[in-house]
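Enquirer: Now for the letters of each chain:
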Amino acid sequence: MSKSRLIKTGLVLAAFAVVPAVLVGFDKGYYYQIATLAAIFMLLAASLHLVTGVAGLLQLGHAAFYGVGAYVAAILGADHGVGFTVGLPLAGLSAAAIAFLVALPTMRLMSIYFAVATLAIGQMLYLVFLNWVDLTNGPNGVMLFSGINLFGIEIESDLGIYYVVAAVVAVSILVLNRLSHSYYGNALRSLREDDQCASAMGINVTVMKIQAFVISSFFAGIAGALWAYTTGYISPNDFHFSQSILILTMVVVGGLGSLPGVLIGALLLILLPEALRSVGDIRNIIVGLVMFGSILFLPKGLFGEVSALNFARRLLGANWSNDEGQKGIGWK
Amino acid sequence: MTAILELDGLTRAFGGLKAVDNVTTRVDHGELFGLIGPNGAGKTTLFNLISGFTPPSSGEVRFKGEKITGLSAHQIAHKGMSRTFQNLRVFPNMTVFDNISVGALGMLGVGPFSSLFGRSSHAKEISERSWEMLEKVGLADHADDLAANLSYGKRKYLEIARALAMKPDLLILDEPAAGMNDSETTELARFITGLNKEGLTIMLVEHDMGLVMGICERLVVLASGRKIADDVPAVVRQDPGVLAAYLGGDEE
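These protein sequence lines map, in sequence, to chains A and B.
Just so you know, we're using the UniProt record's numbering here: the first sequence kicks off at 1 and counts up by one.
Just so you know, we're using the UniProt record's numbering here: the second sequence kicks off at 1 and counts up by one.
These aren't lab readings, by the way, just hints derived from the structure by calculation.
From a predicted model like this one, the values you see are computed outputs, not experimental measurements.
Hints may be right or wrong, so weigh each one.
[What the hints assert, rightly or not] The calculated lysine-lysine pairs, modelled on DSSO-like cross-linking and capped at a C-alpha distance of 27 angstroms, are:
1. Lys124(B) to Lys3(A)
2. Lys124(B) to Lys8(A)
3. Lys154(B) to Lys300(A)
4. Lys3(A) to Lys28(A)
5. Lys300(A) to Lys28(A)
6. Lys167(B) to Lys154(B)
7. Lys154(B) to Lys136(B)
8. Lys67(B) to Lys124(B)
9. Lys79(B) to Lys197(B)
10. Lys124(B) to Lys332(A)
11. Lys167(B) to Lys136(B)
12. Lys332(A) to Lys197(B)
13. Lys167(B) to Lys332(A)
14. Lys167(B) to Lys197(B)
Construct the entire structure; sequences and hints are all you get.
Expert: Rendered as structure tokens:
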């Protein structure tokens, strides 16, 4: 078996066999919640990675698109009886549609102005969740009792729910993996490096930025729907600005531009506070220090972009090789 | 000879200052054409007007007989015009190979959906073309290095390779010899002449007369935004107006 196949099989086994086995071993609802939460935040970090890490657009309102997905899934489920199989894609598409509308006027803004615009959009959507009581039930949030129904099969066990979440997250990350580790990813990286120069290469900079923003928001919406279906209750605070910053921190601590890095970053920032639960409130200070130290000593992230791209090319087999046997350059 | 590029009364004013003032000239197919002028003569502005980075105040640019004024930079690139930048703009945090691939993928096109279904995309063609250009400029051994870690001279060649990966009909080089020593400049002159011999039309923008005088077939000299000479190097070299502009003597 080739090395790349070995690693891929290992990752799939870890997500679909090792983690569930551990969960069954402990058999506590609490562990299932943590595992689900970690999976959802891995998807949030991976989707922000595409727009902020790869395309270099500082997006400060990611949690709002996560919220759009969650509210669409919850309201459709609670008020209109729309189930998981239809609600999940609709949640992603709604987040993508709103992202498209706000991207049109904002994409021409430069760096910091773009960041402030996304901050404003995030706040605006948050205030809609909070104040449009007729639609969102305001600060009281929305209850969703329907759970996950997969083509007529009711998924009720904690383990079953974990499998559904893990499968959706794995497929989504596979898509984001392909987008960042391909020539499409190279095109996005060129925008981050020098967008004027990219336009001289024939790249339509505005269109590419809008694509990255919309795709990223689509997957944030999917993550939101997963959150709504698994917790059964959502409220505006789940999608507050501080959540955007948490996701951004995962991306930066893991490594800007590095997909494996941001997944590690997400795991770390979800699991560490839980692992430290026994030490009391001082854990927040410890988590803060870990974040601070990682940026101070590893400014390129826990798993920097250069090593991440090498990892993808050489160990995941995403590379193109020429006839002369040059390995690990280009993309397949 | 048919013209590949025609400039017609091209003018760009910034406030009261006319950076480029009523410039009319043409570049023929297959020509190695030079645009020179002392610092501040408006060369880079003229260049930006041609490549769509700055809109002209008046006048027109025609490329392959088609009016391109008003088109954006990426549209002009797709018509077959490729440029490098005066202040060396490679993508620093990308590998040498990935840098060049951007030139190829910009022309061939990549989309999110075609990338997801790898086989149907242009990936193979982009890879092969990038590799070809990498070998052409002699950077194959550095394929995997970050562009930021290359020496200055190698980054210059990288920028040219990236522009060549676009397979352009007209290549415009903005001060390629800036910051190079004499032997590097000679090497570069040989490389540029070689590209031209292969049939590529090249426009060279320089402020250093040496390189341009040596290899160009025809020159336009700009001073204070105006065209003051348009001829073969031997004639331009003797032109009193050109000498005055370069040596700072009195005009007229």
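Enquirer: Does Lys197(B) sit within 27 angstroms of Lys167(B), going by the straight-line distance between their CA atoms?
Expert: Given that 27 angstroms is the threshold and the Cα spacing comes to 15 angstroms, the pair holds.
Enquirer: For the pair supplied as a hint, Lys332(A) and Lys197(B), is the alpha-carbon distance within the 27 angstroms limit?
Expert: violated (33 angstroms)
Enquirer: Does the alpha-carbon distance linking Lys3(A) and Lys28(A) stay inside the 27 angstroms limit?
Expert: violated (36 angstroms)
Enquirer: Are the Cα atoms of Lys300(A) and Lys28(A) separated by 27 angstroms or less?
Expert: violated (37 angstroms)
Enquirer: Has the given pair, Lys124(B) with Lys3(A), been kept, meaning a C-alpha gap of at most 27 angstroms?
Expert: This hinted pair holds, its Cα atoms lying about 23 angstroms apart.
Enquirer: Holds or violated: Lys154(B) with Lys136(B), Cα cutoff 27 angstroms?
Expert: Between Lys154(B) and Lys136(B) the Cα gap is close to 13 angstroms, so the pair holds against 27 angstroms.
Enquirer: Check whether the Cα positions of Lys124(B) and Lys332(A) lie no farther apart than 27 angstroms.
Expert: holds (7 angstroms)
Enquirer: Need the status of pair Lys167(B), Lys154(B): alpha-carbon distance at most 27 angstroms?
Expert: Roughly 20 angstroms between the alpha carbons, so the hint for Lys167(B) and Lys154(B) holds.
Enquirer: Does Lys124(B) lie within 27 angstroms of Lys67(B) when you go C-alpha to C-alpha?
Expert: With a Cα-Cα distance of about 34 angstroms, the restraint between Lys67(B) and Lys124(B) is violated, given a limit of 27 angstroms.
Enquirer: Lys124(B) and Lys8(A): Cα distance at most 27 angstroms?
Expert: It holds: about 23 angstroms lies between the C-alpha atoms, which stays within 27 angstroms.
Enquirer: Taking only the CA atoms, is the gap from Lys167(B) to Lys136(B) under or equal to 27 angstroms?
Expert: holds (13 angstroms)
Enquirer: Could you grab the alpha-carbon distance between Lys79(B) and Lys197(B) and see if it respects the 27 angstroms cut-off?
Expert: holds (22 angstroms)
In terms of the numbered hints stated before, the structure departs from hints 4, 5, 8 and 12, listed from lowest to highest.
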